[in-house]
Structures are given as structure tokens and as C-alpha cells.
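K.L.:
As you go down the protein sequences, you meet chains A and B in turn.
For the first sequence, numbering that gives the first Met the number 0 gives the first residue as 0, with consecutive numbering after it.
For the second sequence, numbering that gives the first Met the number 0 gives the first residue as 0, with consecutive numbering after it.
The set of hints was computed from the structure by calculation and includes no laboratory data.
Errors might be hidden in some of the hints.
The list cannot tell twin chains apart, which means a pair is met if one copy fits it or any two copies do.
Subject to a maximum C-alpha distance of 16 Å in a straight line, what follows is the list of computed EDC-like cross-link-like pairs (lysine to aspartate or glutamate) [claimed, not checked]:
hint	residue 1	residue 2
1	K2	D170
2	K41	E173
3	K189	E200
4	K189	D164
Being a predicted model, the structure only gives us computed values, none of them experimental.
Number of protein chains: 2
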Amino acid sequence: MFKRGACLLLSGPSGAGKSTLIGELLREFDDIYFSISTTTRKRREGEVEGRDYYFVSPQEFREGIEKGLFLEWAEVHGNYYGTSLQPVLQALEEGKLVLFDIDVQGFLSVKKSPIASVTTSVFITPPSLEELKRRLEERGSDDPATIERRLENARREIEYMGEYDYILVNDDLERSRREIVAFGTVARLKRDREEVEAFIERWIHTH
Amino acid sequence: MFKRGACLLLSGPSGAGKSTLIGELLREFDDIYFSISTTTRKRREGEVEGRDYYFVSPQEFREGIEKGLFLEWAEVHGNYYGTSLQPVLQALEEGKLVLFDIDVQGFLSVKKSPIASVTTSVFITPPSLEELKRRLEERGSDDPATIERRLENARREIEYMGEYDYILVNDDLERSRREIVAFGTVARLKRDREEVEAFIERWIHTH
Numbered sequence: 000m001f002k003r004g005a006c007l008l009l010s011g012p013s014g015a016g017k018s019t020l021i022g023e024l025l026r027e028f029d030d031i032y033f034s035i036s037t038t039t040r041k042r043r044e045g046e047v048e049g050r051d052y053y054f055v056s057p058q059e060f061r062e063g064i065e066k067g068l069f070l071e072w073a074e075v076h077g078n079y080y081g082t083s084l085q086p087v088l089q090a091l092e093e094g095k096l097v098l099f100d101i102d103v104q105g106f107l108s109v110k111k112s113p114i115a116s117v118t119t120s121v122f123i124t125p126p127s128l129e130e131l132k133r134r135l136e137e138r139g140s141d142d143p144a145t146i147e148r149r150l151e152n153a154r155r156e157i158e159y160m161g162e163y164d165y166i167l168v169n170d171d172l173e174r175s176r177r178e179i180v181a182f183g184t185v186a187r188l189k190r191d192r193e194e195v196e197a198f199i200e201r202w203i204h205t206h
Numbered sequence: 000m001f002k003r004g005a006c007l008l009l010s011g012p013s014g015a016g017k018s019t020l021i022g023e024l025l026r027e028f029d030d031i032y033f034s035i036s037t038t039t040r041k042r043r044e045g046e047v048e049g050r051d052y053y054f055v056s057p058q059e060f061r062e063g064i065e066k067g068l069f070l071e072w073a074e075v076h077g078n079y080y081g082t083s084l085q086p087v088l089q090a091l092e093e094g095k096l097v098l099f100d101i102d103v104q105g106f107l108s109v110k111k112s113p114i115a116s117v118t119t120s121v122f123i124t125p126p127s128l129e130e131l132k133r134r135l136e137e138r139g140s141d142d143p144a145t146i147e148r149r150l151e152n153a154r155r156e157i158e159y160m161g162e163y164d165y166i167l168v169n170d171d172l173e174r175s176r177r178e179i180v181a182f183g184t185v186a187r188l189k190r191d192r193e194e195v196e197a198f199i200e201r202w203i204h205t206h
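Input sequences plus hints: build the corresponding full structure.
P.N.:
Below, the structure written as C-alpha cells:
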């Protein structure tokens with residue numbers, strides 16, 4: 000039958016509840032490969048190489064760009080961030096569900112990449128900007144300037160939500176949990192053309 | 000938030016197990032509108048108007064075609080079959096999940112229709128043509144000539160499965176049940192551009 004995996008790509012503003020829902024997916028499914036970004040920014044206290052990020056030098060990163068090793072990459076505040084293609088392709092080959100937690104720019108790059116045809120994209124949003132502000136303030140981990148910047152980012156990102164396959168409004172955690180697990184189930188039923196053609200070929204000729 | 004419904008469109012050869020999976024959806028969700036076809040063919044024993052089909056005269060059907068009342072229609076063996084647009088639009092307006100059990104030709108028409116942007120399409124297939132033959136023979140409701148015709152149709156329809164958003168290989172009923180219910184959950188998170196734009200507008204201005 001079908002052996003290759005597929006991708007589930009999640010975007011949404013900080014404070015939308017993405018991390019909680021990703022935790023839910025990782026608890027529910029044991030065959031998920033959670034895509035880890037590569038970055039040139041300094042490792043922060045508590046961050047682990049290969050869990051939070053792959054940390055590389057700017058030169059290594061630029062070489063990777065030139066060799067086309069990145070599925071997507073961006074420069075943010077003088078640091079590079081990107082997703083290496085190779086581990087994603089390997090996970091797909093192993094039949095895994097590849098999970099992306101990625102910003103809008105990254106999504107737009109993935110949309111033009113070879114894995115677009117096996118990717119289900121979901122934009123996760125809080126019900127309103129007001130509610131997002133309330134959540135960020137309640138969380139208490141950001142100073143007012145950071146919160147203002149996050150809200151500004153959210154305002155910019157939300158404009159792109161129509162580009163995603165699906166929109167999940169996270170206003171009821173129980174429902175959102177059910178929905179994200181359902182995405183974990185169906186996303187893997189997206190198949191690339193090559194595998195579909197091989198399936199049809201086999202299907203017809205077993206008669 | 001979002002008020003309008005969305006569509007889940009299922010195709011697949013007779014004997015793929017579609018009816019069982021549709022029964023599962025109807026049991027699981029109480030807000031599904033199961034789209035009923037309109038036909039000019041004679042009503043058979045046991046068939047109920049408005050449950051199995053809407054039965055109309057050829058003249059009524061042709062008038063409907065001229066007035067653009069059909070989402071899709073086809074002429075098969077001298078009879079017309081089609082899906083009226085109006086009840087579908089009303090169900091969407093009421094926020095329901097509209098369920099289509101439709102052949103490949105119908106799907107290709109829906110793909111070009113105004114509801115395409117809110118439709119998740121799934122092709123349901125048995126694991127092989129051999130297995131399909133076995134199931135049809137075991138079912139015992141068709142004579143050999145009908146089985147041969149069904150297999151011929153299946154061979155023709157399977158060629159189009161790559162056109163669908165997702166492919167469900169029905170080789171394990173328990174897994175297929177979980178998958179179809181997951182589709183019933185996520186399909187409604189597909190939103191039309193108009194509603195997305197209104198959401199963004201509201202979202203930004205609640206601040």
C-alpha cells in the first residue's frame with residue numbers, strides 16, 4: 000500500500016495555544032517526526048541542541064543555503080533560522096507524520112516546495128486580538144514591549160490565514176484537542192503523485 | 000466566529016465500503032446534511048422520495064439544467080442524475096457539514112463549482128481490484144455481469160484518485176472508521192474567502 004509519510008504544518012500567533020496542541024499530538028501519536036529548526040542565534044539557558052534547535056555558525060548556514068539544503072529559511076534580527084530538507088525527506092521515507100511549527104513566511108516557502116503536495120496546513124488562531132492580549136498578559140512571561148511586538152506580529156500573520164487549508168479557532172480547549180488529533184489522523188492520508196501512480200498501477204494489475 | 004458550514008465529498012467504487020463509513024459519520028455527527036441526488040429514473044421498490052432520491056420528470060430536470068440549478072449533473076443510460084445547488088447552499092448557511100457520496104464525474108464538476116473552496120474530498124478505495132472482486136462476490140447481491148461492470152467502473156474511476164485531497168484505503172474497518180470520523184471533524188474547518196476576510200476584519204478591530 001502506501002508507505003511514505005506526509006506533513007502536518009501548523010502556524011499561528013504566539014499565545015494561540017499551539018504548544019499545548021502540539022503536546023497533545025506528540026502524546027497521541029508515536030510516529031511523529033517534529034521538525035526542528037536550524038539557527039545561528041546563540042543557545043539560551045535551558046535550550047538543548049537537537050531538541051530546541053540545531054545550532055550552527057553563520058558560515059555553515061550560508062553554505063547550507065548555497066547548497067539548497069533548506070526547505071525554507073529567513074533572517075530575523077540578524078540571525079538565520081531555517082528547516083533542513085534532508086531530515087524531513089528521511090522521516091517521510093520512514094512513513095512518519097512530519098510536524099511543522101512554522102511562521103507564515105516559512106509556510107509560504109513550504110507551499111512552493113516539493114513537499115507541498117503531501118502537506119496539510121492549519122492556521123491556529125485565538126478568537127480575537129483582545130483575547131490574545133489577555134492570554135499573553137495572563138501568561139506573564141513577556142514584558143509589555145514584547146507583548147506589543149507579539150500582537151503586532153499576530154496582526155500581520157492573521158492576514159495570511161486564508162492561504163491555509165484549514166483554520167482552527169482555539170476558543171474551547173476540549174474541541175481544539177479533538178480537532179488537532181483528527182488532523183493527526185487525516186494528514187497522513189495525503190499522498191504524492193508518484194506513490195498514487197504506483198498504487199494505481201499495482202491496483203489494476205492484481206486482477 | 001465562523002458560522003457557515005463546509006463540505007465533505009466521498010467517492011470510491013461500489014464495494015469499497017463507503018456506505019458503512021457514511022453510516023458511521025451519520026451516527027457520530029448530528030449536524031450533517033447528506034446531499035440527496037435528483038433523478039429522472041423510475042423509483043424502485045423500497046425507494047423513498049427525499050431519502051433515496053428526488054424523483055422528477057425529464058422535462059423538470061432539463062428546465063433545472065437551463066436555469067443553472069444543478070451543482071453537477073450527468074446522463075447515464077438515458078436517465079438524468081444531478082445535485083441541486085439550493086439545498087446545499089441552505090445547509091451551508093445553517094452551518095451544517097454537507098456530505099456528498101458522488102462519482103468521479105460529479106466530483107470533477109464540484110471541483111469547478113463555487114463550493115470547491117470549502118470542500119474536502121476523499122477517495123475511498125479497497126486495497127486491490129482482487130479484493131474488490133472478492134467483496135462484491137461475497138456480498139452476493141449482484142450477478143456476474145453486474146460485478147464485471149462494477150469492476151470495469153472501478154478500474155476507470157481509480158485513475159482519478161490523485162485528484163482528491165486525501166486517499167483512504169479501506170483495508171482495516173476499525174482504522175477506516177477512525178479516519179472517516181476524523182474527516183467529519185476537520186472538514187468543517189475549511190472556510191470560504193468571504194468569511195475569512197470578515198473574520199480578519201473583526202479580529203483586528205476588537206483591539
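K.L.:
Each hint should be assessed against the structure and marked as holding or not.
P.N.:
Do the hints match the structure? See the list:
| no. | hint | in the structure |
| --- | --- | --- |
| 1 | K2 - D170 | between (36 Å within a copy, 14 Å between copies) |
| 2 | K41 - E173 | neither (37 Å within a copy, 48 Å between copies) |
| 3 | K189 - E200 | neither (18 Å within a copy, 32 Å between copies) |
| 4 | K189 - D164 | both (13 Å within a copy, 7 Å between copies) |
In summary, the structure is inconsistent with hints 2, 3 from the numbered list given earlier, while agreeing with the others.
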